Amino acid sequence: MAYHALAAVLLPLLAFVINCFIKGKAAGWVSTIAILLGSVVSIIVFNHTFNTNTIHVSRLWFTIGDTQVYAGILLNNLSILMLLLVNLIALPVHIFSMAYMGHDQRYGRYFTCLSLFCFSMLALVVVDNMVLFYAFWELVGFSSYLLIGFWYKKEKAIQANKKAFIMNRIGDIGLLIAILLLYAQYHTFDLIKLFGQGGLVSQSFIKNGMWIATGASIPAVWQYIACGGIFLAVCAKSAQFPLHTWLPDAMEGPTSVSALIHAATMVAAGIFLLGRVYPMFNTAELDALAFIGCFTAFMAATIALTQNDLKRVLAFSTISQLGFMVMAMGINAYASSLFHLVTHAFFKCLLFLVAGVVIHEMQHVKDENQLDIDPQNILYMGGLRKKMPLTFIAAIIGGAALVGLPLTSGYLSKDGILIQAFEWSDTKSVGYKIVPIMMLITSWLTAFYVARLIFKVFFGRLRVLDVKPVVLCHISDGGWQYRVPLILLSLCCLFPVFSLNPLLYEQSWLFKAFTTPDHLERMNIYHTIIPAGLNILSVAVIYYAYAVYIQERKMLPFAQNNWVFDFSYNQWYFNKAYHTLFVKPVLALGEGLFWFDRKVIDGFIQLLQNILLWLSKVADVMDRYVIDGFLHLLTAIVQYIGNFVRSFQTGRVQYYLLSMLAVIVAWFIFKTLI
Amino acid sequence: MNLLTLLIFIPLLFGLLIVVLPSSLRNSYKYITLLAAIVQLGISLLLYFQFKTGPANAGINHENQFQFVQKLPWIQLDLGSMGKMQIDYFVGIDGISITMLVMSALVMVVAAIASWEIKKNLKGYFILFLILDMAVFGVFCSLDFFLFYLFYELMLLPLYFLIGMWGGARREYAAIKFFLYTLFGSVFMLLVMVGLYLSVKDPATGSHTFNIIQMMNPANYDANSIFSTVNHQTIFGFPARTVGFVILFIAFAIKVPVVPLHTWLPDAHVEAPTAVSIILAGVLLKIGGYGIIRICMGIFPDVAVSGSFVLGLLGVISILYGALNALAQRDLKRMIAYSSVSHMGFVLLGIASLTAEGISGAVMQMVSHGFLSSMLFFLVGVIYTRVHDRDIYNFRGLGTLMPQFTVFVMIGFFASLGLPGFSAFIAEAFTLAGTFKSASVNGLLPHWMAACAALGILLGACYFLWTLQRMFFGTERLKGGEEWKHALKDINWREKAALVPLALMALLLGIMPSLVFGKINESVIALVDFLQHK
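Line by line, the protein sequences are chains Y and C.
Take 1 as the starting number for the first sequence in the numbering used here and just add one per residue.
Take 1 as the starting number for the second sequence in the numbering used here and just add one per residue.
What the hints contain is simulated information worked out from the structure, not anything from laboratory work.
Please read all numbers here as calculations on a predicted model, not as lab measurements.
Glycine included, C-beta positions come from ideal geometry on N, C-alpha and C.
Check before you lean on any hint, since a few could be wrong.
Which stretches of chain C does chain Y cover? Using the computed rule of at least three CB atoms under 8 Å from a CB of chain Y, they are [stated by the list, open to error]:
1) 387 to 401
2) 521 to 532
Selected chain Y positions facing chain C (Cβ under 10 Å, derived; list incomplete) [as the list claims (entries may be wrong)]:
3) Thr67
4) Tyr134
5) Phe136
6) Trp137
7) Ile166
8) Ile170
9) Leu176
10) Leu181
11) Ala184
12) Leu587
13) Phe594
14) Trp595
15) Phe596
16) Val600
17) Phe604
18) Ile605
This is chain Y alone, in the form it adopts within the complex (with noise of 0.2 Å):
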């Protein structure tokens, strides 16, 4: 089975290099039909393997002083769950891309990035060592930049990737860091040998501040700092306070590349990570786990009732619903995180294909009608509930699974998290109730936004009349390859899927596959009390959204203009602050270092060769006038004296006898006074 999981892999590796190299038209059919076969394949291995045993399969990769690398596959229920999960999502998605990017000029490239994203998604969550793990944790980030700018004239979008990449990369730094650690701690890459039953971290323990393992022991705070690197990952990758900024840029990307990567699958890749190295956190981590998940869905779910942009509104409720499985793990219910992981996967996905259907068709009114609108803008939307029934439809599935109703996926998956999150809170302080309190309000939100944005688009009248009074409608659900796709995952966010009892998450299939079977007694009357009572209220919820948008009634409980509105439609003002706390003082210092580096080192370089050049006219002036003055004036004393003694040389008699008396006068005057 290993090898057909790599066939799986290495299918959209595949369709990558082809696409590298073909023009034209083939290339959607080249990714569609390796992700076809993907999926085909990930369905054989899910049937023959999953909730059975571990299929671990390695290769040498390479020796680096004496540790061996290995490279292989790690096939358990999670990896088995995710790979099947990835193709399935993937196909409709690549379906629905032929139309969508039918007619872009780089329709081919586009598709060989998509399968560059799909092979680095898909080895990610198969493969079995950190280093590993960690480069195609990056890779997806790589083909999430390539795609997210895809429309690299676009100045939002080449702006939003390179943010995206940058946050990503901070998250990268932790894991890098994480993972050298646990190395320097184990000395192994390898993901059964650290986080298996009785595998090394579990060994491991923390006693007298020093993290002890069988290898070597070092001060604990390095244990905080591995796990911090963990959630900073994973705070980056699945978009958690303080690093989810990103996410809502990177709606300027293609709609069908924000179903797929910023909504179904990369994102979720920190849920995934959590799940990988679960065993490595101690109550105290985990406690930080729950209250960041919660404060980031509950911030992000406040955020999305005021955007008017439908895709950033489903950004948000993106990063509020990872949140939710953040948190989840956070409490200690694994299972029922990976259950939301999956279930939200196809019911955003199916969003957001509906969004782009939406956006398509509003582009189409735009171009038609040669409006100055935001197609994605919701206030120019209304009414085409009529115009669109299928799409329609697919928003009522995918809204109702986002709130958690009743017969939907996300009922199950959702409802099991909160009881467990009340369920948790006593076990704890008076204090920790908080947590599970500010989930209910958040589904409460939930609620609300969805209502807000399905009445916006699909009810009421069509508002772009409003800037035109006349305008030429040729809305439709567009063909096959839109409505296939719909229909595939409107069918999967139905409880069937799941569960054959619509109420009782504990009997789904994929909540029993990742606990042991005693958690499964309904101990307490939060099972009932919690479904019961999040639902009521939400339908009431609904139905105010309902009165507000539809019937007009002026019941909000902001105006639209205080600073409650303002901050909650600033997004909290995170961008500004990060601006003002990060980048500028960043730039700033690396100006003056630059600075410091012309003027400080250079300058003393050049006060060095100014000594030098100072010190070698010293040495000129003492050349000149010491040294060669000497010379001179050696010379200047022959010469005078030669000039001196020459003007005896005259040629009279006369001078010549004047002389000798006069020197043999000075002779005897000489001897007669000594």
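Using the hints provided, position chain C relative to the given structure of chain Y.
Frame of chain Y; chain C shown alone:
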């Protein structure tokens, strides 16, 4: 004929050919030079595939474990009472040199291709190029300190003229600065070399020797000599061996370059012609790293261990300082020059960790940076030869004008910022792995150093992505307007021929790091072992 000797002197033969050819055939010089480089690449590949691995071929401090050795007596002077002066022509390679040879040979081929754009004074240029080529290979193969020094100094001269005569506007300033910096380093190196010569005696002949491998054995030092390992002598009140190490380290650190000895590099790079930038970044900087491993660590292992904290700290500073400076640049070539400083910081950090992972990572980083920086400088050269401008702010939307070029830029940038699948990722990851491990294995480098160095990887992403976004994406807008638009043609077959091998090597080493690790591993283990039992 010894393969190594052939490898070293092949360029000289071709150089002589150019000397005797008349100027009317000046158009053939570039083909001759390219042929020389290709022959050299062929020989180095032959060496690579014939290179034997295994613990019996580790090299480092065992003369008999070196391969392709040629040892000929060269200068033998009888100095009477002072014994015999013994200088050998002694070349040989172990795992650490072999990877450098193959990398340099490929970079030289690329540099030869890049040299085709040189238009003036071709004879002088290509002769100097080939002399430089010879000197580089000589440095990597020499096992006699005198010979090493000779080749090391011989590199300086052609480089000075190559920058000073064929460079950009401020070429003379840059050439002088480069010359003085490196000369400053090597002059003092000469003193240490002489000191070492006077301290070490060949046990076989009993006379003083320049043999580097003999210098690694503490037993060969005279008890009363200046660098004696037994009696700790002092120079100006400092321990003599520490002074010796520091001086040699400074000489090589200038080459690497290590902050704060790096300011020659941006100027030299910016002013040098493309081919010389490629050689500078691709090969010259590695001589610094190689020298630190072979000479500094090899001859003064005791000081290397006690000083590793400082070395690691300098490495971390280089990484962060270089990256932050790169962030502030608007000249594309200068930006890449500072990124070189940052990336070479990993080499120093890896070496300082004194772990097998760290040193292997450092060697890998040298090989990887050799390919990637050559690629990046070549890419800058492509733009510069077309419009004679490199200011990042003057370009926008090059992706539309030069799509294939942009693909190579993206490969180069992403490979350099450490995207997995390319060599730099493996190199940086294992350098950091070694640094983290160092704390628990030998306790030399603290954990925080590795954590800070990891920040450099983040900053790397920032400046490369910013440049990509600023210059290559967006709607097309050029400072030179229509004129530039005509000039900025996509890359031609010659440029592709230079870029494709580099990109492929970076990819290949990223996917199959065993191509490097397989050859160096025994040597690295032997080196770590040697350092532990200094």
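Here is what the structure says about each hint:
1. For a cut-off of 8 Å, the count of residues in the stretch 387 to 401 of chain C with a CB near a CB of chain Y stands at 3, and the three-residue condition holds.
2. Figure legend: the stretch 521 to 532 of chain C, annotated as covered by chain Y; annotation consistent (4 residues with Cβ-Cβ distances under 8 Å, at least 3 required).
3. Annotation: Thr67(Y) was flagged as interfacial toward chain C, and the flag holds, the nearest CB pair being 7 Å apart, inside 10 Å.
4. Among the interface hints, the one on Tyr134(Y) holds; its C-beta lies about 7 Å from the nearest C-beta in chain C, closer than the 10 Å criterion.
5. Contact between Phe136(Y) and chain C, as hinted, is supported at the beta carbon level, the nearest pair being about 7 Å apart and thus within 10 Å.
6. Hint status for Trp137(Y) relative to chain C: holds, with the closest Cβ pair at about 8 Å, below 10 Å.
7. At a threshold of 10 Å, the smallest CB-CB gap from Ile166(Y) to chain C is about 6 Å, leaving the interface hint in force.
8. With 10 Å as the threshold, the beta carbon of Ile170(Y) comes within range of chain C, its nearest partner Cβ sitting at about 6 Å, so the hint holds.
9. Below 10 Å, beta-carbon pairs count as interface contacts, and Leu176(Y) has one with chain C at about 6 Å; its hint therefore holds.
10. Because the beta carbon of Leu181(Y) sits about 6 Å from the nearest beta carbon in chain C, less than 10 Å, this interface hint is met.
11. Taking 10 Å as the C-beta contact cut-off toward chain C, the hint placing Ala184(Y) at the interface holds, the least distance being around 4 Å.
12. Taken as an interface hint, Leu587(Y) checks out: its beta carbon lies about 7 Å from the nearest beta carbon of chain C, inside 10 Å.
13. Checking Phe594(Y) against chain C by beta carbon gives a least distance of about 4 Å; that is within 10 Å, so the hint holds.
14. For Trp595(Y), the interface hint holds, since its Cβ comes within 10 Å of a Cβ in chain C; the closest pair sits about 8 Å apart.
15. The interface hint given for Phe596(Y) is met, as the beta carbon of that residue sits about 9 Å from the closest beta carbon of chain C, less than 10 Å.
16. Because the smallest distance between the Cβ of Val600(Y) and any Cβ of chain C comes to about 9 Å, under 10 Å, the interface hint for this residue holds.
17. Checking Phe604(Y) against chain C by beta carbon gives a least distance of about 8 Å; that is within 10 Å, so the hint holds.
18. Checking Ile605(Y) against chain C by beta carbon gives a least distance of about 6 Å; that is within 10 Å, so the hint holds.
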